[in-house]
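Spelled out from the first residue to the last, the chains are:
2 protein chains.
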Amino acid sequence: MPHEIAIVTEQDLRKVVKLDLAVVDVVESAFAALASGKVVMPPVLSMAIPEANGEVDVKTAWLPGFSGFAIKVSPGFFDNPKLGLPSLNGLMILFSAKTGLVEALFLDNGYLTDVRTAAAGAVAARHLAPSRVQTAGVMGTGVQARLQIEAAHLVRPFEQVLVWGRDLAKAEACAADISARLKVPARAEADPARLVAESQLVVTTTPARESILKADWLHPGLHITAMGSDQDEKNEIEPAALVAATAYVCDRISQCEKLGELHSAISAGLWQGPPPAELGDVVLGKFTARRSEDDITICDLTGTGAQDTAIATYAEKLCRSVGIGSLIAA
Amino acid sequence: MPHEIAIVTEQDLRKVVKLDLAVVDVVESAFAALASGKVVMPPVLSMAIPEANGEVDVKTAWLPGFSGFAIKVSPGFFDNPKLGLPSLNGLMILFSAKTGLVEALFLDNGYLTDVRTAAAGAVAARHLAPSRVQTAGVMGTGVQARLQIEAAHLVRPFEQVLVWGRDLAKAEACAADISARLKVPARAEADPARLVAESQLVVTTTPARESILKADWLHPGLHITAMGSDQDEKNEIEPAALVAATAYVCDRISQCEKLGELHSAISAGLWQGPPPAELGDVVLGKFTARRSEDDITICDLTGTGAQDTAIATYAEKLCRSVGIGSLIAA
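Order-wise, the sequence lines are chains S and E.
Its first residue numbered 11, the first sequence is counted upward by one per residue in my numbering.
Its first residue numbered 11, the second sequence is counted upward by one per residue in my numbering.
Hints may contain errors.
[Claimed, not checked] Pairs of lysine-lysine residues, derived as DSS-like cross-links and limited to a Cα-Cα distance of at most 25 Å, are as follows:
(1) K108(S) / K92(S)
(2) K92(E) / K108(S)
(3) K108(E) / K92(S)
(4) K48(E) / K244(E)
(5) K180(S) / K224(S)
(6) K92(E) / K108(E)
[As the list claims (entries may be wrong)] Here are the in silico distance ranges between beta carbons for each label pair:
(7) A58(E) / A183(S): 41 to 49 Å
(8) A278(E) / R301(S): 23 to 31 Å
(9) A58(E) / N63(S): 30 to 38 Å
(10) R24(S) / A32(E): 36 to 44 Å
[Claimed, not checked] Part of the chain E face toward chain S, derived, beta carbon under 10 Å:
(11) I17
(12) T19
(13) S56
(14) M57
(15) A58
(16) P74
(17) I81
(18) L95
(19) I103
(20) A107
(21) G110
(22) L117
(23) T145
(24) D305
(25) I334
These aren't lab readings, by the way, just hints derived from the structure by calculation.
Remember, predicted model here, so these are calculated numbers, not experimental data.
C-beta atoms are modelled at their ideal positions from N, C-alpha and C, and glycine is treated no differently.
Next comes chain S alone, as it looks inside the complex (with noise of 0.2 Å):
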């Protein structure tokens, strides 16, 4: 008995799903999901094909209360650009979660991940920002850099922007596109560490190997959400700053402790405590990161399965309320 199946591409997708509120709120309420406690999350399925200097990765997250899950395939391919194609592509399959049958796949190049892990930025921004963000500067240059700002001024409407980068014409060219975008004056800063120190809200977006902001450059009054590291080689904070922190805050334990800053910082045998509080247990109220608007909070990202789901499912009922996409029988 065949079903309808919606098929969306990206140039589709890019027309329905914007980064605003509505999918922020639906990615909060995919994190207060993950702190119910009852949802499947597998842990990653990730290969390696050093053949063709490529990766591919399998996440998945069942989430009560949802109509369906999600299985997102991101193939990372790092000598594409050498062919003139982008090294990051993949889809989204929506199946749903009371029968198992597929009902839409999402052909879109990693569209709904930027927009999901954007969200999710958001979503720290709001629950552990100091109310009043004057400043928010962002290190990295790159499409996550441009999107978690964009998504924190949703949340928190700052007036300035401050951006860093290893390249300052990288640096220059991302704070014009910020500022067009945001209609927020927005400039490169060469000094990382001036940065930090005039933001009340810091985003870290890079691939960096090696921290790229310091412990000592912590000053009351900051929230930094570091999104970069997705990889047990990778570390944007020093592992100090989680420590000297008033509150350190991941959204996946079992994550961040391989994959994210806290592993950097139990490898540096720095984070000897009980494990952290995870995002969602701030988004339920189970946990208070910041008391007052001198704390100084951190919230690591290394992006979930739970995200997936939550900007599938929503990403389906929109299409399907304006009507787009191709239906094919199957």
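Given chain S's structure and the hints, the job is docking chain E onto it.
Using the frame of chain S, we list chain E on its own:
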């Protein structure tokens, strides 16, 4: 830069991909690649969804010499029959092994898995069964009972088929189907010991949790392929048989010691020797399982991502060559 993705439904795949010697050769080449040692095949990603009595498995493998690699998603939702839906569904995604770009989506509802699983049985029979098989027996009465016999007949054109099942009526129906399909006499056999005694080739295709084929029943000139067990609690062959046989071979040691007949033999304390040979070693001539017509051989198949990559790569070429499937720019 959009590229074209082929989307092929089960209905179209059934027109193009047949259980024939070409498919057997393709799956044999996957076993050869597995034995070459260069394969990348991560452990299966498995997620249980207790609230829906469901589960989902994800398999993948990269094989040297294949232009693509497949990721297969297999949901099993066991309350679906109450809704008039099949329990098993799923799809395969074929990626370019060079760029990681999606090349094809096979909305096959498990059809390609059925074919590649049966083809593996033919590979086992080709390399392990006595050269002359007069009677083939099958235990189990489902889709694989029919397909395994059909596949084995491609490589050992036997003259008679015996079918045993817990439900005699189902065994009779299965025998009738096989007889109509292969134009070979087939009948139900109520006594499994007699089925084994009269057969030179036996395939077990059940989800049994207690052995249905006893060690005492082994006789000279017998080959057994056990393909039913794919979970740690399943067991078709009495563990003592694995040791009593001249040679026991498995598709993948790392899987069979967890999910296959080998798992039961290890748990029973009966398998204490070195790891067994893999089917790929036999294909490549690295290991000779059968030295005479009187030897007794057993092959344990749990199903590998390598077979999925092989059949998906093959299906994509076939579909492109005959122009079947929809192309979508994504």
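To see whether the hints hold, each was checked on the structure:
1. About 44 Å separates the Cα atoms of K108(S) and K92(S), which puts this hinted pair outside 25 Å; it is violated.
2. Simply put, K92(E) and K108(S) have alpha-carbon atoms about 12 Å apart, close enough for the 25 Å limit, and the pair holds.
3. A distance of roughly 12 Å separates the Cα atoms of K108(E) and K92(S); the hinted pair therefore holds under the 25 Å criterion.
4. Our distance criterion of 25 Å between C-alpha atoms is broken by K48(E) and K244(E), whose separation comes to about 30 Å.
5. Among the hinted pairs, K180(S) with K224(S) is consistent with the structure: their alpha-carbon atoms are about 22 Å apart, no more than 25 Å.
6. Between K92(E) and K108(E) the CA atoms are separated by roughly 44 Å; this puts the pair beyond 25 Å, and the hint is violated.
7. A hinted range of 41 to 49 Å holds for the C-beta pair A58(E) and A183(S), which are about 47 Å apart.
8. Evaluation of the 23 to 31 Å hint for A278(E) and R301(S) yields a failure: the beta carbon distance comes to about 59 Å.
9. Against the hinted window of 30 to 38 Å, the Cβ-Cβ separation of A58(E) and N63(S) comes to about 35 Å, which satisfies the hint.
10. Between R24(S) and A32(E) the CB atoms are about 42 Å apart, so this pair conforms to the stated range of 36 to 44 Å.
11. At its closest, the beta carbon of I17(E) sits 6 Å from a beta carbon of chain S; the interface hint therefore holds under the 10 Å criterion.
12. The interface hint given for T19(E) is met, as the beta carbon of that residue sits about 4 Å from the closest beta carbon of chain S, less than 10 Å.
13. Checking S56(E) against chain S: minimum C-beta separation of about 7 Å stays under 10 Å; hint holds.
14. A distance limit of 10 Å between C-beta atoms decides the matter here; for M57(E) the minimum to chain S is near 5 Å, and the interface restraint holds.
15. At a threshold of 10 Å, the smallest CB-CB gap from A58(E) to chain S is about 7 Å, leaving the interface hint in force.
16. A hinted interface residue such as P74(E) counts as satisfied when its beta carbon comes closer than 10 Å to some beta carbon of chain S; here the least separation is about 7 Å, so the hint holds.
17. Satisfaction of the interface hint for I81(E) is found here, the shortest Cβ-Cβ separation to chain S being roughly 6 Å, below the 10 Å cut-off.
18. Residue-level restraint check for L95(E) holds (minimum Cβ-Cβ distance to chain S is 6 Å; threshold 10 Å).
19. With its C-beta approaching chain S no nearer than about 6 Å, I103(E) sits inside the 10 Å limit, and its interface hint holds.
20. Annotation: interface hint on A107(E) holds; nearest CB of chain S at approximately 6 Å, less than 10 Å.
21. Restraint check, G110(E) versus chain S: the minimum CB separation of about 3 Å is within 10 Å; hint holds.
22. At about 4 Å, the closest approach between the beta carbon of L117(E) and any beta carbon in chain S falls short of 10 Å, and the interface hint on this residue holds.
23. Because the beta carbon of T145(E) sits about 38 Å from the nearest beta carbon in chain S, more than 10 Å, this interface hint is broken.
24. Against a cut-off of 10 Å between C-beta atoms, the interface hint on D305(E) is violated, since the closest Cβ of chain S lies about 37 Å away.
25. Hint status for I334(E): violated, given a least beta-carbon distance of 14 Å to chain S, over 10 Å.
In terms of the numbered hints stated before, the structure departs from hints 1, 4, 6, 8, 23, 24 and 25, listed from lowest to highest.
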